[in-house]
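The hints should help you fit chain B onto chain A, whose structure is shown.
There are 2 protein chains.
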Amino acid sequence: MSRYRLVIEYDGTNYCGWQRQKNGVSVQEKVENAIYSAFGVQTVVTGSGRTDAGVHAAAQVAHFDAQLTIPPRKIREALNGYLPQDIKIVCSQAAKEDFHARFSAKQKTYQYTYYLSETERPLLSRYAARAKRPVNLSAMQAALQTVVGVHDFAAFSSTGSSVKDTVREIYAASLTYSPFSAASAKGDSAVGEPQAEVFNGTLTLTVTGNGFLYNMVRIIAGTLLAVGEGTLSASAFEQAFQGKKRTILGKTAPAAGLTLLSVVYEIK
Amino acid sequence: MSRYRLVIEYDGTNYCGWQRQKNGVSVQEKVENAIYSAFGVQTVVTGSGRTDAGVHAAAQVAHFDAQLTIPPRKIREALNGYLPQDIKIVCSQAAKEDFHARFSAKQKTYQYTYYLSETERPLLSRYAARAKRPVNLSAMQAALQTVVGVHDFAAFSSTGSSVKDTVREIYAASLTYSPFSAASAKGDSAVGEPQAEVFNGTLTLTVTGNGFLYNMVRIIAGTLLAVGEGTLSASAFEQAFQGKKRTILGKTAPAAGLTLLSVVYEIK
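Chains as they are written, first to last, in my numbering: chain A, 165 to 432; chain B, 165 to 432.
Source of the hints: derived by calculation from the structure; they are not laboratory data.
Even glycine gets a Cβ: it sits at the ideal position worked out from N, Cα and C.
Check the hints yourself; a few may be wrong.
Label pairs and their computed distance ranges (CB to CB) [said to hold, decoys possible]:
{"id": "1", "chain 1": "A", "residue 1": "Y429", "chain 2": "B", "residue 2": "A360", "range": "33 to 39 angstroms"}
{"id": "2", "chain 1": "B", "residue 1": "S342", "chain 2": "A", "residue 2": "Q249", "range": "18 to 24 angstroms"}
{"id": "3", "chain 1": "A", "residue 1": "T210", "chain 2": "B", "residue 2": "E241", "range": "44 to 50 angstroms"}
{"id": "4", "chain 1": "A", "residue 1": "S326", "chain 2": "B", "residue 2": "A360", "range": "54 to 60 angstroms"}
{"id": "5", "chain 1": "A", "residue 1": "A360", "chain 2": "B", "residue 2": "S342", "range": "25 to 31 angstroms"}
{"id": "6", "chain 1": "B", "residue 1": "S342", "chain 2": "A", "residue 2": "S322", "range": "32 to 38 angstroms"}
{"id": "7", "chain 1": "A", "residue 1": "T411", "chain 2": "B", "residue 2": "V205", "range": "45 to 51 angstroms"}
Which stretches of chain A does chain B cover? Using the computed rule of at least three CB atoms under 8 angstroms from a CB of chain B, they are [said to hold, decoys possible]:
{"id": "8", "region": "167 to 177"}
{"id": "9", "region": "278 to 289"}
Residues on chain A that point at chain B, a partial pick, calculated with CB under 10 angstroms [unchecked claim]:
{"id": "10", "residue": "K252"}
{"id": "11", "residue": "S345"}
{"id": "12", "residue": "T423"}
Excised from the complex, chain A in its bound form:
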């Protein structure tokens, strides 16, 4: 038996998430079915972690065990022939027998994107959530830095989670604003607003950490937006580390804005 490692890119819009479920089509199921179709092998594909319904991945990592005669690098093409357009293997290789996509993961990076617009934007809404009001960018950036470091993220998980150890380390977090190009800019620009207020553009949040609780990135994103819109104070994250209450934080931001960017197994 050999172990293989896959890097998978998917548009999660039409799926119930990574993990197999009774109701709904999962990405995991599609990949397992492709392995069966290509090689006649029934096997479990283990991902680096779950992604929720509607969440995307630029580079989900997974492993599976099988005895295949095809060179590991060629597995990619063989599976892609059986995968739908919104799920593709971008890399396949042999893995060591003790490699585990979930337990060996050292670091993950997620990206959350908002678009700030008076109107819905069909060309943006598949991969970004809409924010309807101008936001104070510097307030958001300041608040975001308070999540960097080792913290107890107990408040940052949807209720009902059974995880016991809620301490995680965030290695880096950034928030960048990019205005819509002149050609596609819509609506009124924020003339006369203080300079820190931004609108008509995209906000990209990138967070790297040693692990993330269920919905943690979406709760960070939702809280950050509330800080930017002025409905939560910039100390909301710090209060939540102390108070450990979900209610201190903002809404769970919509799934469409979230993308798993990368999973790292060896810290250089």
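Same frame as chain A, now just chain B:
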């Protein structure tokens, strides 16, 4: 009777194009239906031009006539409530009675995007076509400049087109390359290749002109790719202006890569 002007953004993936057709759902039909649902008015919505099946628009412009009591600016929200997520009005306003979305248009800008990748990329393929081989960027840029100016684009239209005047002016054309970010870069990088060769990134073609024949931008894009891959000479465009034969040019590039960026009615 008043005339109204709409700016419409749509993801064309699931439509047979802008124009109403017997077989297939069109964007025009969806907008006309929304007007009927919102205001009880049956009217024809005239666009600045057709977009093909699968082609997107960041700012298609259209007009329609009706006698509405709602302020023109509010039409946007009223219609968006009846439009699907992949079609939205981004701006509505009153238009002069002689304004015509198609005949008054002075200038249009289209964008065509390729992604250069060894593998299919689900997070890119909705709005970009895949190119499988490294391309010579400077050769493409040089060839592209030969389309700028006034030319007879007779060769640049799909056969069967009934347009008689095939002379058009291209005001500007540019091609830019943007490498995939480190986090999402896939496949082998083109180490050791001549510097003009690029791969693992996106190529964005932007073309502005006074008008475009049917499929003209997609044929320019397809020809440009063939020049970049070395299967057509950099003089292909010039040869086609002289020879007027469709066969001198490259393939019609896939619809998904094309977006109507803007339509201009008053040249400043």
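Hint check, failures only: none
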